[in-house]
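Participant: In order, the protein sequences belong to chains A and B.
Throughout the first sequence, residue numbering follows my numbering, covering 1 to 386 in sequence.
Throughout the second sequence, residue numbering follows my numbering, covering 387 to 980 in sequence.
Keep in mind that the hints were calculated from the coordinates and are not lab data.
What you are looking at is a predicted structure, and each value in this text was computed from that prediction instead of being measured.
Some hints here could point you the wrong way.
To be verified - With the Cβ distance kept under 8 Å, some of the chain A side facing chain B (calculated, not the full set):
hint	residue
1	I52
2	D156
3	H194
4	P198
5	H202
6	P210
7	M214
Glycine is no exception: its CB is placed at the ideal position from the N, C-alpha and C atoms.
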Amino acid sequence: MRKVIVGNHAVSLGVKLARCEVISAYPITPQTQVVEMLSEMCASGELPARFIKVESEHSAMAACVGASAAGARTFTASSSHGLAYMHEMLHWAAGGRLPVVMANVNRAMGPGWNIWMDQNDSLSQRDTGWIQLYCETNQEVLDTTIQAFRLAEAVDLPVMVLLDAFYLSHTSEPVDVPPQALVDEFLPRRRARHRLDPKEPHAYGALVRPDDYMEMRRDQQHAMERVHAVLAEADADWARLTDRTWPAAEAYRTDDAELVLVTSGTITSTARHVIDARRADGERIGLVKVRLFRPFPSALLRRLLAGVPRVAVLDRNISPGHGGIFAEELRSALYDLPPDDRPALYGYVLGLGGRDVTPDVIGGVIDGTRTAAAPEREDLWVGVKP
Amino acid sequence: MAEPVTATRDAPLISVSRASTLANRTGSWKYIMPTYRDGVAPCNARCPTGVDVEGYMELLRQDRVDEAVDLLLRENPMPAVTGRVCHHPCEAACNRGHFDEAVAVHLVERELGDRALAEPPPLPATRREGRVAVVGSGPAGLACAYHLTLLGYTVTVLEAEAEAGGMLRQGIPSYRLPRTVLDRQLAWYRAMGIEIRCGERIDAAAADSLLAEYDAVFLAPGAHRGRPLGAAGEVGPGVVPGLEFLRAVNAGARPDIGRHVAIVGGGNTAMDCARTAQRLGARATVIYRRTREDMPAIASEIAEAEAEGVVFEFLANPRAFHRAHDRLIAVECDRMAQGEPDASGRRRAVVAEHGAFSMYVDTLLTAIGEDAVLDCLPSAVPVTNGTIPADELGATPATGTWAGGDAAGVERTVADALGSGKAAAMDIDRALRARRGVDVVLDAPSLRWAGGAMSMSRWRGDDPVQRTAPANDVVAFDALNPVHFTHLPRHREHPDAGQHGGAAPDGSNGGSGGYGFAEVNPGLASAEALAEARRCFNCGVCNACELCLMFCPDAAIARTADGRFSIDLDHCKGCGVCARECPRGAIVMTREGL
């Protein structure tokens, strides 16, 4: 059934269709609608899940950790400072190999206090061991939320679904809401391999000495490596059921391209329009959208970008002291290519704190990249007042 | 669907400890620890009779109604009476009043009192040697007789009037205290073995012979003589002491008081006079020299009087009376003003320069206070300032003689009189046992509910309510955690269920407005009264709600076989969550024992 819904409610509907069993969350702008709708579903009985009210995001994730360890399918949502407040418990979920799913609405970190779109909140959690999937549309948000549970439970790792503040969270788009039977076929009930059992008490997260710790981390890394195959398989099943596919990284009009933009989130949609216009003018320009950020789809990106002369990465984030984070990741991924196939990589930092990234802004990036002799030593800041 | 890649996955490598965490003695971290320490609920502390209100409310919560009645009867000899006429300071003190509305203790008490009267009275468990004479059958005398009887003594009550009850019968109108209730109460005492002899007026000589005949004498003659106003022309037709008027009406007389009746005074006697006069068909006006806020009468009595049509003339005081043909026709009043505060903290009433007025009255009833008539004292008992000097336990300077109630300077309420009779019963018990060589110490402070009235259960040492000791601090509202309570409206009496329009049992008419002598306040239906008891917070006393157990982050709290709680001090880290969460302030954090 097609519905016109905001991105936040696309998350809520996805969680409901996934037959989530425990939800614990703390409200924060611009995420609140996600759990607001879920709490109403729980209250009305529409969703037979336990909604645990808490006093903070730290406790929300702690509750999710407990519920997930008990074997329940578990969800939370947060944003920005709320996510930052969860930081310690993000490690507990990932290190505990608990398939918690979280929707994080990307919002800038303060100060200065800012509620608008920016990826620094989730990218700051890069090394907590969470899988991260960045969405472009509300349809992708709903589909990704459902896929996230299957992915998480298949590899015993937590998944973060990312959607842009306001551009998705509060913008209504037509979304095809799949029937419950379809989702049930795609997503079987969770089968936890470890499960808390009061009849056989034992403690999770116990002390591990140096002689065992590395093995745990390597197991976690192996699980991350398996994500690529599991996600591809899940997405293939999803495509079979819905005719929609969401690859880890998607190439758009990259054939014979002299310049390829690399984007994530809603900038992608804007860039598609710019590329269509430039292609109409005969310019050989394409796009690669990165959906999966952790684990980073390095092999796939090498395949998509090998031999492209110039690549411009549009980063709606900044790692202070280094540069745009997607650009940084992509540079190291492309380093493995033979020098002849290795594109010149141009990094651009733009759109922080909700600043608009318009077709003109993207056009400027394209023109700047095409005319540059060589990449600057540091990423360029776009549209910044002098 | 194809078998997913993940179907063959291994279990993820995680760290799990199968050893018990009890090996970690985290209790060694604490520098402060929780202790279950029951306090005293403010209702108990403020009850002049010393009733364990909190205790019986808890028994009612557990549906242990018979035990609740028994607990109440340990301390209060006449809950059916006090449930109707007490000014219930327990409710003014009730912590629930800070949350929504105070528990309607008096209505619960009344229900239990009525249940008690429907059953045989309690009987003494043991008999003790000793005969005690009680002079006066008002609440103080009856309380002393009741408690001494239950302690095993033989008691004779001597009443000057033809019927027992003292002020309960002489002063309190039947619309507040139906005579059927009082009569059943007295029959109940007689069934306990208390001898009540009426028509026995005691003078000094008779009192001396009582002292010789009995092992102890308790004097509770009350205060029955109305104080004169001290205004010109006061002595004469039409000016009647209010108490005398009440006594006559309560005895069944219907004196002709005319159409316009004024009552002078602001206490409960004044309210009783005014409402009784209304019932005889008069229009009653209360003349009071101070303001409404200064009135010593129970607030509900004032409100009910007003609802029944009684008019109030505040800041006025009679100064002269006018008569014609030997009939009172008018009273002339000074207009009063408020002066400097007096010893009671109320502003002194002073005569104002202007505003004197006269009003037509057929009868004026005086109700500005009563004095004790102390012609019944043994010769060895002195009189000080018009009262019998008695210590906190009622002992007078004369050996073998105790006193209580209005004549002994006790606060003039039924509840205080009951408390004074009980305190004296304890001291008489001590003295009579001492006389037989049993030396028992009576440590009054430890027997009092946190500085309030004495607890007979504590004196007897057999309190069925097991509280942790030491338990003698009042628990204030800020020591509670009201987060765990839900708002519940106080149960109210249904006016329709009352008998406002009804005729008195003797068939006499109601007065103006249709108010009769039948009971005004209907009480609650039995189920409602028991439901009201569930509004009690049980301030300060653990009632095993188990929130401490649920909230303890170290799972260090467990129920014990006797239904209480134990704290595993090897694992309690002293975080204080239990004390913080306890809804009733029954857990304290302390360094004691560490």
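Participant: Compare the structure with each hint and give your call.
Facilitator: These are the hints, each one checked on the structure:
Restraint check, A:I52 versus chain B: the minimum CB separation of about 15 Å is more than 8 Å; hint violated. Because the beta carbon of A:D156 sits about 4 Å from the nearest beta carbon in chain B, less than 8 Å, this interface hint is met. For A:H194, the shortest C-beta to C-beta distance to chain B is roughly 6 Å, which falls under 8 Å, so the interface hint holds. Checking A:P198 against chain B: minimum C-beta separation of about 12 Å lies over 8 Å; hint violated.
Interface restraint check: A:H202 against chain B, minimum CB-CB distance 5 Å, threshold 8 Å, status holds. Interface restraint check for A:P210: the shortest CB-CB distance to chain B comes to about 13 Å, outside 8 Å, so the restraint is violated. Interface hint status for A:M214: violated, as the beta-carbon distance to the closest one in chain B is roughly 11 Å, over 8 Å.
The structure fails to meet hints 1, 4, 6, 7 from the earlier list, while all remaining hints are met.
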